[in-house]
Amino acid sequence: MNDLFVLQVRNDLAALPAACEALSQWLAQRDVPPAADYLANLALEELVTNCIKYGYDDALEHTIEVEVKLSDTEMVFTLADDGHAFNPLDLPEPDLNLPVGERSIGGLGIHLLRKMSSRVEYSREQGKNRVSLYKTLGS
Amino acid sequence: MNLVFNELSDGIRVIGLGGSLDLAGTASVETRFYAHCNAEVPRIVVDLSATTFVGSLGIRMLLQAIKSAKARGGRLIMIHPAAAVASTLELAGLGSFLLKGGADEAVALLAVGK
Chain A
1 MNDLFVLQVR NDLAALPAAC EALSQWLAQR DVPPAADYLA NLALEELVTN CIKYGYDDAL
61 EHTIEVEVKL SDTEMVFTLA DDGHAFNPLD LPEPDLNLPV GERSIGGLGI HLLRKMSSRV
121 EYSREQGKNR VSLYKTLGS
Chain B
1 MNLVFNELSD GIRVIGLGGS LDLAGTASVE TRFYAHCNAE VPRIVVDLSA TTFVGSLGIR
61 MLLQAIKSAK ARGGRLIMIH PAAAVASTLE LAGLGSFLLK GGADEAVALL AVGK
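In the order they appear, the protein sequences are chains A and B. Counting from 1, one number per residue, gives the positions in the first sequence under the numbering used here. Counting from 1, one number per residue, gives the positions in the second sequence under the numbering used here.
Hints are supplied without guarantee of correctness; some may be wrong.
Here chain B is said to cover these stretches of chain A; the calculated rule only asks that three of the stretch's residues, wherever they fall, bring their Cβ under 8 Å from a Cβ of chain B [to be verified]:
#	segment
1	29-42
2	51-62
3	98-105
4	123-136
Here are the simulated lysine to aspartate or glutamate pairs, DMTMM-like style, with alpha carbons at most 20 Å apart [what the hints assert, rightly or not]:
#	chain 1	residue 1	chain 2	residue 2
5	A	Lys115	B	Glu30
6	B	Lys70	A	Asp95
7	B	Lys70	A	Glu102
Here are the in silico distance ranges between beta carbons for each label pair [what the hints assert, rightly or not]:
#	chain 1	residue 1	chain 2	residue 2	range
8	B	Phe5	A	Arg124	40 to 50 Å
9	A	Tyr122	B	Asp104	43 to 53 Å
10	A	Pro99	B	Asp104	39 to 49 Å
11	A	Ala15	B	Phe5	25 to 35 Å
12	A	Tyr54	B	Phe5	29 to 39 Å
13	B	Leu99	A	Asp95	18 to 28 Å
14	B	Glu105	A	His84	46 to 56 Å
15	B	Gly11	A	Thr136	46 to 56 Å
16	B	Gly11	A	Glu125	53 to 63 Å
17	B	Val4	A	Ala28	37 to 47 Å
18	A	Ala28	B	Thr31	28 to 38 Å
19	A	Asp82	B	Thr31	32 to 42 Å
In short, the hints are calculated from the structure, not lab data. C-beta atoms are modelled at their ideal positions from N, C-alpha and C, and glycine is treated no differently.
All chains should be built: construct the whole structure from the sequences, respecting the hints.
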């Protein structure tokens with residue numbers, strides 16, 4: 001099995017629900033294992049939301065590119081955007097050992113994606129951030 | 001996303017969250033969810049048996065309610081999560097607020113803590 005999902009999302013949170021629905025349906029039609037299905041849906045929501053909220057220094061329309069590749073052994077979720085350089089792997093891990101009253105409310109999205117993925121890669125090429133999440137299927 | 005609310009006779013509140021706690025789903029229920037969690041000493045059971053997905057905004061909503069309940073001397077317990085939802089909540093550091101048992105056990109625990 002080799003299959004590819006490609007989607008372009010404009011930098012508007014109103015565009016996100018339709019994008020999530022399209023990906024969710026594509027994954028469901030391919031009977032993707034639940035952990036990979038969950039990761040892809042979470043990645044789309046988290047990474048696109050972060051990009052729209054924090055990624056751009058202007059008010060212009062931009063296109064965020066999403067790609068999901070499926071093989072028999074692996075799923076690769078990739079998001080590319082032309083926002084300012086931002087490596088999510090540079091974010092510090094949240095301290096989950098703090099008492100709940102002292103815990104920060106935000107900052108868990110990237111943590112979850114890193115924990116759920118087999119590995120995560122980031123690159124900055126030709127003015128674009130490129131984040132790839134790899135998930136070994138069956139793990 | 002739908003929300004079902006039930007207040008038991010001893011003031012313990014049971015909130016069922018059905019659907020996806022994604023960006024849109026969380027936005028559609030969070031005002032009502034916080035309102036139902038708002039009590040002098042909140043004792044809340046959140047039933048996640050019909051919750052299919054929880055993203056970081058959903059986790060943020062649950063964590064905020066847990067913090068708020070604790071700050072007022074109360075407690076929030078989550079029950080019946082599907083495996084993927086339970087795994088996500090554990091990775092987010094909220095595993096200690098998940099109860100292995102069901103509603104009866106949760107209510108008993110909250111009644112003891114009254």
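We went through each hint and held it up to the structure:
| no. | hint | verdict |
| --- | --- | --- |
| 1 | 29-42 | holds (count 5) |
| 2 | 51-62 | violated (count 0) |
| 3 | 98-105 | holds (count 4) |
| 4 | 123-136 | violated (count 0) |
| 5 | A/Lys115 - B/Glu30 | 26 Å, violated |
| 6 | B/Lys70 - A/Asp95 | 19 Å, holds |
| 7 | B/Lys70 - A/Glu102 | 11 Å, holds |
| 8 | B/Phe5 - A/Arg124: 40 to 50 Å | 47 Å, holds |
| 9 | A/Tyr122 - B/Asp104: 43 to 53 Å | 47 Å, holds |
| 10 | A/Pro99 - B/Asp104: 39 to 49 Å | 28 Å, violated |
| 11 | A/Ala15 - B/Phe5: 25 to 35 Å | 32 Å, holds |
| 12 | A/Tyr54 - B/Phe5: 29 to 39 Å | 34 Å, holds |
| 13 | B/Leu99 - A/Asp95: 18 to 28 Å | 24 Å, holds |
| 14 | B/Glu105 - A/His84: 46 to 56 Å | 49 Å, holds |
| 15 | B/Gly11 - A/Thr136: 46 to 56 Å | 48 Å, holds |
| 16 | B/Gly11 - A/Glu125: 53 to 63 Å | 58 Å, holds |
| 17 | B/Val4 - A/Ala28: 37 to 47 Å | 26 Å, violated |
| 18 | A/Ala28 - B/Thr31: 28 to 38 Å | 30 Å, holds |
| 19 | A/Asp82 - B/Thr31: 32 to 42 Å | 35 Å, holds |
Consistency note: the structure conflicts with the earlier hints numbered 2, 4, 5, 10 and 17.
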